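Let the sequences and hints guide you as you build the complete structure.
Keeping their order, the protein sequence lines are chains A and B. Quick note: to get this note's numbering, add 50 to the position in the first sequence (first position is 1). Quick note: to get this note's numbering, add 109 to the position in the second sequence (first position is 1).
These are computed hints drawn from the structure, not numbers from a lab. A quick note: this is a predicted structure, and the numbers were derived from the prediction, not measured. Backbone N, C-alpha and C fix where the C-beta goes; we use that ideal spot for every residue, glycine too. Be a bit skeptical, because a hint or two may be false.
[As the list claims (entries may be wrong)] If you only want the chain A side, here are some residues facing chain B, beta carbon under 10 angstroms, derived:
(1) Thr91
(2) Gly132
(3) Lys318
(4) Ala323
[Stated by the list, open to error] Taking CB as the label site, the calculated pair distances span:
(5) A:Lys351 with B:His164: 22 to 30 angstroms
(6) B:Leu388 with A:Lys450: 50 to 58 angstroms
(7) B:Pro179 with A:Lys220: 51 to 59 angstroms
(8) B:Gly245 with A:Gly440: 35 to 43 angstroms
(9) A:Ala114 with B:Tyr191: 42 to 50 angstroms
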Amino acid sequence: MKKSKVLVGLFLAIAVFFTFSGCGDNGEKDSIKVGIVLPLTGKLAKFGEIENKSFLMAVDEINAAGGVNGKQIELIIEDTTGKPDVGRSAIEKLITQDKVVMLGGGYSSSVTWATIAVAQQNKTPFLVNTGSADKITEQGWNYIFRLNPPVSEYPGAFESFLKTVGTDVKTVVILHENSLFGQSGSKKFAKQCEALGLKVIMKEGYEAGAIDFRPLLVNVKSKKPDVIYMISYIMDASLLMRQSKQLNMNPKLFVGGAAGFTLPEFYKNAGTASEYVYSATLWTPSVPYPGAREYYDKFVKKYNTPTEYHGAEAYSAMYVIADVLKRTKSMSRDDIRNALAETNMMTAFGPVKFISYDKKVNQNKLPTFLVQWIDGKLETVWPKEVATKGYVYPAPKWNKR
Amino acid sequence: MEVFLQTLVAGILKGGLYGLIGMGMSLIMGVMGIINLAHGQLMMVGMYITFLLSHYLGIDPYLSLFVSMPALFLLGVAIQKYTLNPLMEVDSILPENQVLMTVGIGMVLTEITRFIFSSDYKSVQTSYSNATFFLGEISFSIALVIAFFIAILFTLFMFWFLLKTDVGRSIRATAQDKDAALLMGVNSKRITIITFGLGSALVAAAGTLLMPIYYLFPDIGGPFTRKAFVITILGGLGSTVGAIFGGITLGLAEAFGATYIGMAYDDMIGLIIFILVLLFLPGGFKRLTKI
Chain A
51 MKKSKVLVGL FLAIAVFFTF SGCGDNGEKD SIKVGIVLPL TGKLAKFGEI ENKSFLMAVD
111 EINAAGGVNG KQIELIIEDT TGKPDVGRSA IEKLITQDKV VMLGGGYSSS VTWATIAVAQ
171 QNKTPFLVNT GSADKITEQG WNYIFRLNPP VSEYPGAFES FLKTVGTDVK TVVILHENSL
231 FGQSGSKKFA KQCEALGLKV IMKEGYEAGA IDFRPLLVNV KSKKPDVIYM ISYIMDASLL
291 MRQSKQLNMN PKLFVGGAAG FTLPEFYKNA GTASEYVYSA TLWTPSVPYP GAREYYDKFV
351 KKYNTPTEYH GAEAYSAMYV IADVLKRTKS MSRDDIRNAL AETNMMTAFG PVKFISYDKK
411 VNQNKLPTFL VQWIDGKLET VWPKEVATKG YVYPAPKWNK R
Chain B
110 MEVFLQTLVA GILKGGLYGL IGMGMSLIMG VMGIINLAHG QLMMVGMYIT FLLSHYLGID
170 PYLSLFVSMP ALFLLGVAIQ KYTLNPLMEV DSILPENQVL MTVGIGMVLT EITRFIFSSD
230 YKSVQTSYSN ATFFLGEISF SIALVIAFFI AILFTLFMFW FLLKTDVGRS IRATAQDKDA
290 ALLMGVNSKR ITIITFGLGS ALVAAAGTLL MPIYYLFPDI GGPFTRKAFV ITILGGLGST
350 VGAIFGGITL GLAEAFGATY IGMAYDDMIG LIIFILVLLF LPGGFKRLTK I
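Listed below in structure tokens is the structure:
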């Protein structure tokens, strides 16, 4: 009996603690509420964490510098857990309960795809900064804006690299994780390969989180491709490379389609298997935009851990949001939408201007870059103007290193 | 042919590990009649212990078996003694609520881990993590081969333990008929506690063996709980030998599915087998082997 009382007491204490921690700063009156949706738990939490830190860093800077016309910005960050259904209810809560003036964030294509519909329905402007499936901005929905390029444009720099350097590449194998991000990216990339005159001899999806990729990789090996292009989240990326090395598979190029291949954890987990792996990326600290290097240094100083393009996206998105809130005529969601549409500014992530092209509306257009892991460092190798080191092509065979 | 053989090897080696993961759950399900939905999360805790020992003290993952298994045994004992058994005594609560309790325990374990370690991915890099040897054209991952043989060793040990020792017989007796066992003087409460501890220790072993080749983060438990569940149903409740066959069947199905159908259908293939077994061989492989 006594034991159960202690347990009940403990439970109550925990419950009370959570209730109170749930309603933190509701007291402030003169703040502008902006809702952010990110995966803070679940298997995508690593990316969400980098973006979360970057959002907080940016909003602190903005508020310290006087906020927006004297008012402070208050970020309400909701956890999507990386699941579309949770994302939907998170965004509904932000719109109806917290009454935020606009929305930001949006990591992972599947979740973002589910949430933008809610934002559009409720006529709440949503600045997406990471979700990259093409169809997100292809619906003609006028409340949805996207800061980052769509996944089909990720390999832009890689294509120009192939045209100039890798002219002897003839065959490609595409491996992709099987959610919206990988499916969308691989489909477009296959089309672009054909346009470049390359033959896609295999295009395979896989379920993220697999232990053993060997059956898949043996199949790839028997086809002897020149290029293996992988669209993967971080740990799948490390395992794919480690097991490719174990199987002694030697294409001319291993190329990652951004996401997992640019994180510091990729090198930490893949070790020597990461050597000479290329990856498309949207941003590196050496890009020629004002504030890019400063952002990187500030982040490292504040959190004592490196950052990468996802962080830069979030950091810059926060500055765009602040800029929009400064320019808007009123705090009505329609005025904010109009101000968002007129955005024309420079950020650490590059110039931001929302245009419509092809089927896309309110899409920011940016060039991409090609990076390569050389001696455990992520070096920018293409385009040449921003390169920090010469590229290594073709990659030497595993057993000859 | 090379592709076929490599797939076969990959499936069998992975299956050995799966068997070890499923064995603990099978044991618990057999004795207590409940599904332990915190099974994968317990494995996650075992993996973190291995990671800590290797990261801070430089202890080899295989040696850390001697720490992670006893530690998880104690954790399992504590869970059964202080959270699951008290539920049995409250009349108004259905015994099925123990299952719900395990869901809660799983969540608590995950969130505590996230609180301590954050969501960072961790891995243990050893000299043999990437080591392979070749038999002809077929590559064998050394870490997986070792894991496979240790898994087989544990199966044989458990088999002997359940058949020959006093505690093992009591466990089987409780699994067959709890009331009868009670009447024969078996302290069934103590047996459930030991069983849960054993199950936890076994899955900790699986986690530790997986560590050199896989990676770790707080949410890793969920998918493995699901896998363990499938393996348990395949093998038959409470059967250790069944669990290892169930594990290898699942491993082979996943590997051949990945090679010849498509890796995207990994989970689907496992679950289709699960449904087929439930429909056509309820009771699992245990029905065929009788043990």
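Quick rundown of the hints versus the structure:
no.: 1; hint: Thr91; in the structure: 7 angstroms, holds
no.: 2; hint: Gly132; in the structure: 9 angstroms, holds
no.: 3; hint: Lys318; in the structure: 7 angstroms, holds
no.: 4; hint: Ala323; in the structure: 7 angstroms, holds
no.: 5; hint: A:Lys351 with B:His164: 22 to 30 angstroms; in the structure: 25 angstroms, holds
no.: 6; hint: B:Leu388 with A:Lys450: 50 to 58 angstroms; in the structure: 53 angstroms, holds
no.: 7; hint: B:Pro179 with A:Lys220: 51 to 59 angstroms; in the structure: 57 angstroms, holds
no.: 8; hint: B:Gly245 with A:Gly440: 35 to 43 angstroms; in the structure: 39 angstroms, holds
no.: 9; hint: A:Ala114 with B:Tyr191: 42 to 50 angstroms; in the structure: 49 angstroms, holds
Every hint, counting from the list given before, is met by this structure.
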